[in-house]
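Trainee: Residue numbers (my numbering), protein chains in the order written: chain A, 1 to 331; chain B, 1 to 343.
Hints are computed from structural coordinates only; laboratory data are not their basis.
Careful: at least some of the hints might be erroneous.
With a Cα cut of at most 25 Å, we get these calculated DMTMM-like pairs of lysine to aspartate or glutamate [claimed, not checked]:
id : chain 1 : residue 1 : chain 2 : residue 2
1  : B       : Lys218    : B       : Glu318
2  : A       : Lys268    : B       : Glu197
3  : A       : Lys268    : B       : Glu55
4  : A       : Lys268    : B       : Glu17
5  : B       : Lys109    : B       : Glu87
6  : A       : Lys268    : B       : Glu146
7  : B       : Lys136    : B       : Glu146
8  : A       : Lys32     : A       : Glu153
9  : A       : Lys268    : A       : Glu34
10 : B       : Lys279    : A       : Asp64
11 : B       : Lys14     : A       : Glu34
12 : A       : Lys268    : B       : Glu261
13 : B       : Lys279    : A       : Glu179
14 : B       : Lys218    : B       : Glu12
15 : B       : Lys109    : B       : Glu17
16 : B       : Lys109    : B       : Asp21
17 : B       : Lys279    : A       : Asp213
18 : B       : Lys136    : B       : Glu58
19 : A       : Lys268    : B       : Asp161
20 : B       : Lys279    : A       : Glu41
21 : B       : Lys41     : A       : Glu153
22 : B       : Lys108    : B       : Glu191
23 : B       : Lys108    : B       : Asp21
24 : B       : Lys41     : B       : Asp21
25 : A       : Lys12     : B       : Asp91
26 : A       : Lys12     : A       : Asp178
27 : B       : Lys108    : B       : Glu171
28 : B       : Lys14     : B       : Glu318
29 : B       : Lys279    : A       : Glu34
30 : B       : Lys279    : A       : Glu153
31 : A       : Lys32     : A       : Glu73
32 : B       : Lys279    : A       : Glu73
33 : B       : Lys279    : A       : Glu222
All values reported here derive from a predicted model rather than from experimental measurement.
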Amino acid sequence: MSLLSVRDLTVKFAMRDQTVTALSQISFDLGKGERLGIVGESGAGKSITGFSLMNLLSRPGFIDSGKILFEGEDIVQMNEKQLRSIRGNRMAMIFQDPMVTLNPVLTIGQQMVETLMAHRSLSKSEAAHISVLKLREVYIPSPEERLNQYPHELSGGMRQRIIIAMALLLDPELIIADEPTTALDVTIQADIMELLLELCQSNKVGLILITHDLGVVSQMTERTLVMYAGRVIEAGRTREIINDPQHPYTQGLINALPQQTLPGHRLKQIPGNMPGLGALPPGCPFSPRCEYSVDRCRTTLPEIVQYAGIEVACHEVKRLHNADETQEQSA
Amino acid sequence: MKDVTGEQPLLELKSLEKQFDLDQGFLETIKMRGGKFIREKRAVHAVNNVSLGVERGEALCVVGESGCGKSTVARLVAGLLAPTAGEIHYDGERIDNRSRRAMMPLRKKMQMIFQNPYASLNPRMTIQQTLEEPVKYHNPALSQGEIADKVTEVMQSVGVDPSWSRRYPHEFSGGQRQRIAIARALTVDPEFIIADEPISALDVSIQAQVLNLMLEAKDQRGLTYLFITHDLSVVQHFGTRVVVLYLGSICELADTATLFENPKHPYTRALLSAIPQLKDDKPNHIRLRGEIPTPINLPQGCPFQSRCAYANDRCGAEQPRPLQQPDGSMVACHAVEENRLDT
Chain A
1 MSLLSVRDLT
11 VKFAMRDQTV
21 TALSQISFDL
31 GKGERLGIVG
41 ESGAGKSITG
51 FSLMNLLSRP
61 GFIDSGKILF
71 EGEDIVQMNE
81 KQLRSIRGNR
91 MAMIFQDPMV
101 TLNPVLTIGQ
111 QMVETLMAHR
121 SLSKSEAAHI
131 SVLKLREVYI
141 PSPEERLNQY
151 PHELSGGMRQ
161 RIIIAMALLL
171 DPELIIADEP
181 TTALDVTIQA
191 DIMELLLELC
201 QSNKVGLILI
211 THDLGVVSQM
221 TERTLVMYAG
231 RVIEAGRTRE
241 IINDPQHPYT
251 QGLINALPQQ
261 TLPGHRLKQI
271 PGNMPGLGAL
281 PPGCPFSPRC
291 EYSVDRCRTT
301 LPEIVQYAGI
311 EVACHEVKRL
321 HNADETQEQS
331 A
Chain B
1 MKDVTGEQPL
11 LELKSLEKQF
21 DLDQGFLETI
31 KMRGGKFIRE
41 KRAVHAVNNV
51 SLGVERGEAL
61 CVVGESGCGK
71 STVARLVAGL
81 LAPTAGEIHY
91 DGERIDNRSR
101 RAMMPLRKKM
111 QMIFQNPYAS
121 LNPRMTIQQT
131 LEEPVKYHNP
141 ALSQGEIADK
151 VTEVMQSVGV
161 DPSWSRRYPH
171 EFSGGQRQRI
181 AIARALTVDP
191 EFIIADEPIS
201 ALDVSIQAQV
211 LNLMLEAKDQ
221 RGLTYLFITH
231 DLSVVQHFGT
241 RVVVLYLGSI
251 CELADTATLF
261 ENPKHPYTRA
271 LLSAIPQLKD
281 DKPNHIRLRG
291 EIPTPINLPQ
301 GCPFQSRCAY
311 ANDRCGAEQP
321 RPLQQPDGSM
331 VACHAVEENR
341 LDT
């Protein structure tokens with residue numbers, strides 16, 4: 001049985017004059033110790049997906065329909081008490097901004113001990129001992145002293161390490177990391193990612209990594225979901241998606257990276273912007289920006305189909321693929 | 001890469017320094033140390049002894065991690081900050097000691113694009129007003145019609161529909177706003193653009209649009225750029241030369257191709273190895289010890305020594321000076337000079 005399986009998850013936001021669909025029919029599975037990347041641009045619904053998995057959505061957002069089965073139990077149906085026993089305990093979340101996640105008026109030690117004592121029946125000194133061990137695991141120098149320090153005394157990279165240590169405190173089975181390194185410098189990002197990868201592998205923790213950076217996804221995850229305007233448009237093994245993307249949007253996203261073009265040449269850009277959730281076009285949400293779109297794309301929503309081992313939601317994927325091949329043959 | 005033609009660089013920085021005083025008033029300077037009162041002034045050493053030239057028509061990229069002084073360099077060049085020491089020459093004339101009034105004619109030649117398009121456009125001005133203002137200010141002789149023509153032309157050139165000119169910034173997306181910010185810089189026909197992280201607040205697909213626009217403007221108008229960024233893949237695409245800054249000092253200055261093929265400074269190597277690659281399965285990233293130290297009370301010697309795997313006694317005592325390498329790049333590192341690096 002998979003650790004987490006999400007079925008037809010639909011999230012809506014009740015606005016004053018209309019109800020917009022932020023996520024529509026998201027489905028995916030995550031095995032034990034598996035690492036999944038969710039990529040997309042801002043507004044695609046990546047973070048909403050992360051929040052809904054922990055049932056953390058607050059008004060006006062709500063889960064409209066669908067199931068989130070965590071080891072067979074449906075998180076959507078749980079009451080607050082049941083949720084509390086899962087959140088932070090069996091499922092932990094790492095947020096983007098380490099400056100905001102930590103409580104500035106409590107010491108690192110107080111925050112870690114509090115989390116431990118809320119879930120386990122431990123004495124204060126036992127909890128402090130476990131905290132030190134966890135801090136050591138994330139390579140924090142002199143962890144005993146850190147327990148008495150406040151978050152503002154530490155650098156950004158150090159804070160993010162502490163947050164990772166806190167996420168690991170109760171040995172969760174799943175970590176959801178929402179843009180964990182976006183606020184950090186590249187050299188620190190590389191360190192943190194390496195650490196996260198190492199910890200997930202050695203402790204057999206499942207990881208859902210939400211990011212906009214395809215490079216990070218490529219190095220960190222085994223499988224990838226690509227999201228666009230609240231839908232999954234492509235899903236499959238990360239290597240295959242990066243090397244041979246099927247959906248025109250994913251292709252565009254990869255081709256738009258400066259590494260993919262010779263220096264000084266025009267980048268291959270995707271025209272236009274992602275539509276707002278309140279004003280989605282009928283049919284495929286990507287159709288107004290897609291160079292391959294035909295009449296069918298503008299009227300009917302594409303279903304997810306299997307193509308070359310990748311799940312992809314595009315009417316024209318076969319034609320696209322054939323076009324590629326004929327091009328290669330003629331070239 | 002010193003000017004072999006003997007032609008003067010468009011912009012030249014000579015031993016530029018900038019310090020921000022932390023203790024400004026007299027009372028703030030009084031500290032208690034070991035039972036005694038002492039006077040001590042602390043300062044953030046944001047830019048230390050930076051010398052470089054920007055040739056006409058090139059795109060010089062300044063890269064480095066947060067706190068390395070890249071934005072301070074941009075602001076010093078634009079005249080938004082006054083340097084503590086050193087000189088800035090533009091087109092052969094010294095500009096850092098000019099009065100505001102004397103800077104005015106230069107502002108027309110030199111424009112700046114900022115990082116955050118949400119903050120850099122006035123929310124109470126329509127796009128038309130935002131774009132008109134600099135034209136009116138710098139060309140008082142132009143008629144209303146000529147100004148309107150100029151605005152329309154610039155809006156078209158950045159791909160924003162001129163019929164939207166009556167709208168306010170909040171009606172535009174981030175990418176469109178950044179285009180408008182670029183349009184505002186282009187309305188006065190500048191020759192030199194200082195761009196401080198112009199695309200880092202944007203999404204990948206929008207980044208490509210804005211970068212293309214900046215490249216087009218470069219080719220069509222013969223612009224020279226000083227491009228500040230932390231994103232090395234953008235540098236590789238956009239820059240002709242690169243300066244790597246660390247704690248306000250230059251580590252390496254080289255042609256883009258040379259820098260990416262053969263980085264020499266240990267910090268540049270670590271920085272390049274940290275870029276997440278698409279194709280590469282095995283990250284072979286060079287781990288740096290610790291993190292950037294604070295630029296208050298800089299260590300003696302090389303600023304990078306605390307994180308460098310090659311640091312020795314000399315690095316602790318003497319600050320390395322940028323030295324010319326056989327392939328034309330300038331590298332400030334004792335280990336490179338003494339050939340102690342393994343390649």
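Trainee: For each hint, tell me whether it holds in the structure or not.
Mentor: Do the hints match the structure? See the list:
1. This hinted pair does not check out: B/Lys218 and B/Glu318 have alpha carbons roughly 41 Å apart, beyond 25 Å.
2. For the given pair, A/Lys268 sits about 21 Å from B/Glu197 by alpha-carbon distance, which is consistent with the 25 Å threshold.
3. About 28 Å separates the Cα atoms of A/Lys268 and B/Glu55, which puts this hinted pair outside 25 Å; it is violated.
4. Among the hinted pairs, A/Lys268 with B/Glu17 is inconsistent with the structure: their alpha-carbon atoms are about 40 Å apart, more than 25 Å.
5. For a cut-off of 25 Å, the pair hint linking B/Lys109 to B/Glu87 stands: about 19 Å separates their Cα positions.
6. Restraint check: the Cα-Cα separation between A/Lys268 and B/Glu146 comes to about 35 Å, which exceeds 25 Å; the hinted pair is violated.
7. A distance of roughly 10 Å separates the Cα atoms of B/Lys136 and B/Glu146; the hinted pair therefore holds under the 25 Å criterion.
8. For the suggested pair A/Lys32 and A/Glu153, the alpha carbons sit about 36 Å apart, so the restraint of at most 25 Å is broken.
9. Distance hint between A/Lys268 and A/Glu34 is unfulfilled; the C-alpha atoms sit about 33 Å from each other, more than 25 Å.
10. Proposed proximity of B/Lys279 and A/Asp64 is contradicted: the alpha carbons are some 38 Å apart, above 25 Å.
11. Pair hint B/Lys14 plus A/Glu34 does not hold up; C-alpha atoms about 54 Å apart against a cutoff of 25 Å.
12. A C-alpha spacing of about 24 Å is found between A/Lys268 and B/Glu261, which places the hinted pair at or below 25 Å, so the restraint holds.
13. Between the alpha carbons of B/Lys279 and A/Glu179 the distance comes to roughly 21 Å, so the proposed pair stays at or under 25 Å and holds.
14. A threshold of 25 Å between alpha carbons decides the hint, and for B/Lys218 with B/Glu12 the separation of about 20 Å falls inside it, so the pair holds.
15. Between B/Lys109 and B/Glu17 the CA atoms are separated by roughly 24 Å; this keeps the pair inside 25 Å, and the hint holds.
16. For the hint pairing B/Lys109 with B/Asp21, the CA-to-CA distance comes to about 31 Å; that exceeds 25 Å, so the pair is violated.
17. Distance check on the hinted pair: B/Lys279 and A/Asp213 sit about 13 Å apart at the alpha-carbon level, within 25 Å; holds.
18. Taken as a hint, the B/Lys136 and B/Glu58 pair is broken in the structure, with Cα atoms around 29 Å apart against an allowance of 25 Å.
19. Pair hint A/Lys268 plus B/Asp161 holds up; C-alpha atoms about 21 Å apart against a cutoff of 25 Å.
20. Restraint check for B/Lys279 and A/Glu41: the C-alpha separation of about 21 Å stays at or below 25 Å, so the hint holds.
21. Using a Cα cut-off of 25 Å, the hinted pair B/Lys41 and A/Glu153 holds, with the two alpha carbons roughly 22 Å apart.
22. Restraint check for B/Lys108 and B/Glu191: satisfied, since their Cα atoms lie roughly 9 Å apart, inside the 25 Å limit.
23. Taken as a hint, the B/Lys108 and B/Asp21 pair is broken in the structure, with Cα atoms around 31 Å apart against an allowance of 25 Å.
24. Note on B/Lys41 and B/Asp21: the hinted pairing holds, with a Cα-Cα distance of about 7 Å set against a maximum of 25 Å.
25. Of the pairs offered as hints, the one joining A/Lys12 and B/Asp91 is violated, with about 58 Å between alpha carbons and a cut-off of 25 Å exceeded.
26. For the hint linking A/Lys12 to A/Asp178, the alpha-carbon distance of about 20 Å falls within 25 Å, and the restraint holds.
27. For the hint linking B/Lys108 to B/Glu171, the alpha-carbon distance of about 28 Å lies beyond 25 Å, and the restraint is violated.
28. Proposed proximity of B/Lys14 and B/Glu318 is supported: the alpha carbons are some 21 Å apart, at most 25 Å.
29. Restraint check for B/Lys279 and A/Glu34: satisfied, since their Cα atoms lie roughly 20 Å apart, inside the 25 Å limit.
30. This hinted pair does not check out: B/Lys279 and A/Glu153 have alpha carbons roughly 38 Å apart, beyond 25 Å.
31. About 15 Å separates the Cα atoms of A/Lys32 and A/Glu73, which keeps this hinted pair within 25 Å; it holds.
32. Only pairs whose Cα atoms come within 25 Å are accepted, and B/Lys279 paired with A/Glu73 is rejected, the gap being roughly 37 Å.
33. For the given pair, B/Lys279 sits about 13 Å from A/Glu222 by alpha-carbon distance, which is consistent with the 25 Å threshold.
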